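Add chains B and C to chain A, keeping to what the hints say.
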Amino acid sequence: MGEREYLEYYALNRRGVSGWFRMRGYTIERKLYALHRITGILIVLFMLPHFYSTGWHPGIWWDALLGIIVTFHVANGVRLTLLELLGAGIGKPLLVKKPFQRPVSIEGRQRYLLALTVLLFIVLAVIWSYYAVIVKPLMGG
Amino acid sequence: MMEQSSIDLWKPVKVVKLKIYRYNPKKDFSPKWKEYEIEVSRGTTILDALIRIKEEVDPSLSFRYSCGQALCGSCAMMVNGRQMLVCRTRVLEAAHNRDFVELRPLDNFPVIRDLAGDFTSFFEKHRAIKPWIIRRDFEELDNPTGEYKQTIEEYARYYQFTDCLKCGACYSACPTVATDHEYLGPQALAQAYRYMVDSRDDGLDERIAILDSDHGCWRCHFAASCSDVCPKYVDPAQGIQLLKKLIVRRKFGLKPHRPSDALPSKIGEVKRR
Amino acid sequence: MRESTKMLLHYIAGVLIVVTGLIHLLANNDPGIGKLITGNVYLYLTNMAIFLAALLYHALNGVRVILIELVPDMCWTKLIGWAILLIGIATYIVGIQVLLMALGLV
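Chains as they are written, first to last, in the numbering used here: chain A, 143 to 283; chain B, 11 to 283; chain C, 54 to 159.
Keep in mind the hints are simulated off the structure, nothing from the lab.
As the structure is a computational prediction, the values presented were derived from the model and not from experiment.
Quick reminder that beta carbons are idealized off the backbone N, C-alpha and C, glycines included.
It is possible that part of the hints are untrue.
[As the list claims (entries may be wrong)] Calculated cross-link-like contacts (lysine-lysine; reagent style DSSO-like; alpha-carbon spacing at most 27 Å): (1) A:Lys239 <-> B:Lys176; (2) B:Lys140 <-> B:Lys265; (3) A:Lys234 <-> B:Lys265; (4) A:Lys240 <-> B:Lys44; (5) C:Lys59 <-> A:Lys173; (6) B:Lys29 <-> B:Lys44; (7) B:Lys242 <-> A:Lys239; (8) C:Lys131 <-> B:Lys140; (9) B:Lys265 <-> C:Lys59; (10) B:Lys261 <-> A:Lys234; (11) B:Lys261 <-> C:Lys59; (12) A:Lys234 <-> B:Lys159; (13) A:Lys234 <-> B:Lys140; (14) C:Lys131 <-> B:Lys261; (15) A:Lys173 <-> B:Lys176; (16) A:Lys234 <-> B:Lys44; (17) B:Lys44 <-> A:Lys173; (18) B:Lys159 <-> A:Lys239; (19) A:Lys234 <-> B:Lys29.
[To be verified] Covered stretches of chain B (chain A as the covering partner; in silico rule of three or more C-beta atoms under 8 Å from a C-beta of chain A): (20) 98 to 112; (21) 120 to 133; (22) 168 to 182; (23) 246 to 254.
Next comes chain A alone, as it looks inside the complex (with noise of 0.2 Å):
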């Protein structure tokens, strides 16, 4: 990094790459979008050599990990697809405010849906799970 580089850095003071991954002191939407960026990007990392020879799979136990990401991605983009293309759950903005009133978006209706999303997630890397750890090792691979 040369001098101007490094003066442009610090005198900009953007946070960069490291902002999206920033979850401490905010609340649990950050953090899920943040693991909402880092499951996508490595279910396309798997998707390239899922491509490339049909029918490759990492092993049984990597598998069932491979689960836990696609099953989070999911349940979370239904989520996602809810609050920002239908705005379900995001509420109506208010009229009256009380004195240290809690944002409508981040609370409310829209933690039961986030609730209902996790208990989604569980379910599905559950049923992941169990076919990929039990019933296909039983068909023989």
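What follows is chains B and C alone, placed relative to chain A:
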């Protein structure tokens, strides 16, 4: 018996260390951290402490402030790594059982000096979404015949977003802005929504052309940090999601809002006597 | 194409992946239901064609979103968009060819 009086509020109770970011991009090669010890009382805000340091200890300390009562939005800073208005955050509240407070300039804003950031691009983005009422009835505007009246339901659609101070806390907290300097940012998008759902406004399609671009509203992925840090509870995250919904509805030629959507449930609960 | 069209397709592709991906997984992993799907070649082929298209669109658009957030300058944004589109079309053609060869239809 302990009686709370206004005198107690200003009695020094603790010595707190303020760890402050010192950097002048024109002179210094890299930023430095300086520590100042200061006696605080229960009512001392961080802004009070900063002013006292500037007056009594180190006159070279730079920061921006104006009203001191959370109405102007000049004094947003990173307090212990979180965006806050320092004028309404008390030192003891921020120190929270420890005895030091860390102060940095807002992330994602270029540093002018020490704790003051450069808001030029932030205001340019706010200006880019045309934050004013756009009317098409020029005849009426030239020769006015009456007021533009609104019902309480129409007012309730956008009232929440009018509280914005432009303090930059949401822009600083946004993970997309951390890398994408072309992204409009939560403040501008929430304000765009505020003007688009205003019943007096005719500029819906004009603004959609600006917002529905590569670095417009679709770069928001609902990390909800903007709503989390907003000091005036404007809730920009909600505004952006509703804006996306509005754009999609507009795309299919649907009416932007159903009447039943408009009225917040809270109004029904108000009892009249 | 407006950004809202791209993102709307992104969400629709996501829903399609859940449906067709579930069929793909059941066909390969469940002994009972698997025979019903793999037994009919055209059902399997149609499912795979939709699944591959939706998956490629969703994945590559996701990569595009990440890249243009990383390199936001206007010329890079356009370059990334076109490069991703070409990669997607090429991969889809190769994928369909491999699928047809594997099923013995070509």
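A quick look at each hint next to the structure:
| no. | hint | verdict |
| --- | --- | --- |
| 1 | A:Lys239 <-> B:Lys176 | holds (19 Å) |
| 2 | B:Lys140 <-> B:Lys265 | holds (22 Å) |
| 3 | A:Lys234 <-> B:Lys265 | holds (17 Å) |
| 4 | A:Lys240 <-> B:Lys44 | violated (38 Å) |
| 5 | C:Lys59 <-> A:Lys173 | holds (25 Å) |
| 6 | B:Lys29 <-> B:Lys44 | holds (6 Å) |
| 7 | B:Lys242 <-> A:Lys239 | holds (10 Å) |
| 8 | C:Lys131 <-> B:Lys140 | holds (25 Å) |
| 9 | B:Lys265 <-> C:Lys59 | holds (22 Å) |
| 10 | B:Lys261 <-> A:Lys234 | holds (22 Å) |
| 11 | B:Lys261 <-> C:Lys59 | holds (12 Å) |
| 12 | A:Lys234 <-> B:Lys159 | holds (22 Å) |
| 13 | A:Lys234 <-> B:Lys140 | holds (24 Å) |
| 14 | C:Lys131 <-> B:Lys261 | holds (23 Å) |
| 15 | A:Lys173 <-> B:Lys176 | holds (26 Å) |
| 16 | A:Lys234 <-> B:Lys44 | violated (45 Å) |
| 17 | B:Lys44 <-> A:Lys173 | violated (32 Å) |
| 18 | B:Lys159 <-> A:Lys239 | holds (23 Å) |
| 19 | A:Lys234 <-> B:Lys29 | violated (40 Å) |
| 20 | 98 to 112 | violated (count 0) |
| 21 | 120 to 133 | holds (count 3) |
| 22 | 168 to 182 | holds (count 5) |
| 23 | 246 to 254 | holds (count 6) |
In this structure, the earlier hints numbered 4, 16, 17, 19 and 20 are contradicted, and the remaining ones agree with it.
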